[in-house]
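Chemist: Sequence:
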Amino acid sequence: MRPVRALGLVLLGSIALGALRAQETPAPAPAPTPTPAAPAPAAPAVAAPSVVPTATPPPTTTRVPWQRLVDPPVISVSRLPAENPYGTAVEEPAALTGKPAFPDATVSAPLFVAVRVDPTGRVTQSRIARDPIPSVSAESKKSLDRWSFDPAVKGGRPVETWASLRLDAQIEVRAPRTEQPSLTPVTPATALPVPFQWGVDAAWYDNLSAAVPSDGTVAVEQLDALPVPKRTKWSADSYRGPFSCRFWVKVAAGGRIEKSIPIQASDPILIAYMRRAFPSWQLNPARVKGQPVESWNELSVSGQIAYSIEVKQIGNLRKTLPGG
Numbered sequence: 001m002r003p004v005r006a007l008g009l010v011l012l013g014s015i016a017l018g019a020l021r022a023q024e025t026p027a028p029a030p031a032p033t034p035t036p037a038a039p040a041p042a043a044p045a046v047a048a049p050s051v052v053p054t055a056t057p058p059p060t061t062t063r064v065p066w067q068r069l070v071d072p073p074v075i076s077v078s079r080l081p082a083e084n085p086y087g088t089a090v091e092e093p094a095a096l097t098g099k100p101a102f103p104d105a106t107v108s109a110p111l112f113v114a115v116r117v118d119p120t121g122r123v124t125q126s127r128i129a130r131d132p133i134p135s136v137s138a139e140s141k142k143s144l145d146r147w148s149f150d151p152a153v154k155g156g157r158p159v160e161t162w163a164s165l166r167l168d169a170q171i172e173v174r175a176p177r178t179e180q181p182s183l184t185p186v187t188p189a190t191a192l193p194v195p196f197q198w199g200v201d202a203a204w205y206d207n208l209s210a211a212v213p214s215d216g217t218v219a220v221e222q223l224d225a226l227p228v229p230k231r232t233k234w235s236a237d238s239y240r241g242p243f244s245c246r247f248w249v250k251v252a253a254g255g256r257i258e259k260s261i262p263i264q265a266s267d268p269i270l271i272a273y274m275r276r277a278f279p280s281w282q283l284n285p286a287r288v289k290g291q292p293v294e295s296w297n298e299l300s301v302s303g304q305i306a307y308s309i310e311v312k313q314i315g316n317l318r319k320t321l322p323g324g
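Numbering (the numbering used here), first residue to last: 1 to 324.
Among the hints, erroneous ones may be present.
[What the hints assert, rightly or not] Label-pair ranges, simulated between beta-carbon atoms: (1) Ala175 - Gln222: 45 to 51 Å; (2) Asp104 - Arg79: 25 to 31 Å; (3) Lys230 - Lys154: 17 to 23 Å; (4) Ser214 - Arg256: 22 to 28 Å; (5) Thr184 - Pro103: 51 to 57 Å; (6) Gly315 - Asp71: 25 to 31 Å; (7) Asp206 - Arg256: 32 to 38 Å; (8) Pro193 - Pro103: 26 to 32 Å; (9) Ala253 - Gly303: 55 to 61 Å; (10) Arg240 - Arg287: 26 to 32 Å; (11) Gln264 - Arg79: 51 to 57 Å; (12) Ala253 - Arg318: 47 to 53 Å.
Since the hints were derived computationally from the structure, they do not count as laboratory data. Each residue gets a CB set at the ideal place from its N, CA and C atoms; glycine is no exception.
Make a model of the complete structure from these sequences and hints.
Modeler: Here's what the structure looks like:
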């Protein structure tokens, strides 16, 4: 009986022990060692908005225009040569071979005049601004004073003005009867003369300053309508009388006149006439050591001459001409 009782006691003990263990809080299972988590990717840095510094506006100033620095001009001082640059020392000067020939010729030249025309168209005064034939200037003026015009107009009414006119003349030059022309060599000691200033007619007019009327007349530049010549008889249609002219001429080694510089002319149309005559002349050239050389010489011509003059055309100008 004892073994059975002992077995029962063992079973009762086992049951009590199991109940006791059931009432105990079970020990927590050991936590597994955590695997280190991969670091979370960093959030992309948001760049702070760039701040562009605001430029401080320059102070308001008045713009000064650029100025170019220019050195003041330096005028050089020149000296005239001690000797005449046209002069040549020659052993034998150039010479004319007898009396040279002078042909008949036709020369054209304009006459520039100013005519005072009153409101009725009557001429009260006249003046010559540029005259190619001063030998007949007195007769030319008489012709102008007898002219008549349709008057100038300004603001719808006739006014007094100085009509400015160009008279295109044709001059027939008869072969002059001359004394023997003289030809004098220009040497290094010869004084330089003052040239005869005439020039080209168009250049003379273009460079001319208009005269400003101070006598109560209206300047042609201000007119609505210019005065128009309607009676234009020309009595200065001929001339017969003395003439004279002087030139410096360059005589080539071949004995021909190559160049000419007018020094004096009783009538400017003689310049054109003589230049037409020169090419036909044959001269003896200057010589040095027996050889022909070119040389400058002063040529003087004088005598009696005759012109026939015809006015071919009359033109109104838009510039008040001064007196000659």
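Chemist: Next step is simple, just say for each hint if it's right about the structure.
Modeler: These are the hints, each one checked on the structure:
1. The hint said 45 to 51 Å for the Cβ distance between Ala175 and Gln222, and at roughly 48 Å that hint holds.
2. For the pair Asp104 and Arg79, the supplied restraint of 25 to 31 Å is violated, since their beta-carbon distance comes to about 47 Å.
3. Range check, Lys230 to Lys154: Cβ separation about 19 Å, and the 17 to 23 Å hint holds.
4. Hint check: Ser214 to Arg256, Cβ distance near 53 Å, so the stated range 22 to 28 Å is violated.
5. The hint said 51 to 57 Å for the Cβ distance between Thr184 and Pro103, and at roughly 25 Å that hint is violated.
6. A hinted range of 25 to 31 Å is violated for the C-beta pair Gly315 and Asp71, which are about 48 Å apart.
7. At roughly 34 Å, the beta-carbon separation of Asp206 and Arg256 lies within the given 32 to 38 Å, and the hint holds.
8. Pro193 and Pro103 have their C-beta atoms about 27 Å apart, which keeps the hinted 26 to 32 Å range intact.
9. Under the hint 55 to 61 Å, the C-beta atoms of Ala253 and Gly303, about 29 Å apart, miss the expected range.
10. The beta-carbon spacing between Arg240 and Arg287, approximately 41 Å, falls outside the hinted interval of 26 to 32 Å.
11. The hinted window of 51 to 57 Å between Gln264 and Arg79 is violated, with their beta carbons roughly 27 Å apart.
12. Between Ala253 and Arg318, the C-beta spacing of about 50 Å keeps the proposed range 47 to 53 Å intact.
Going through the hint list in order, the structure does not satisfy hints 2, 4, 5, 6, 9, 10, 11.
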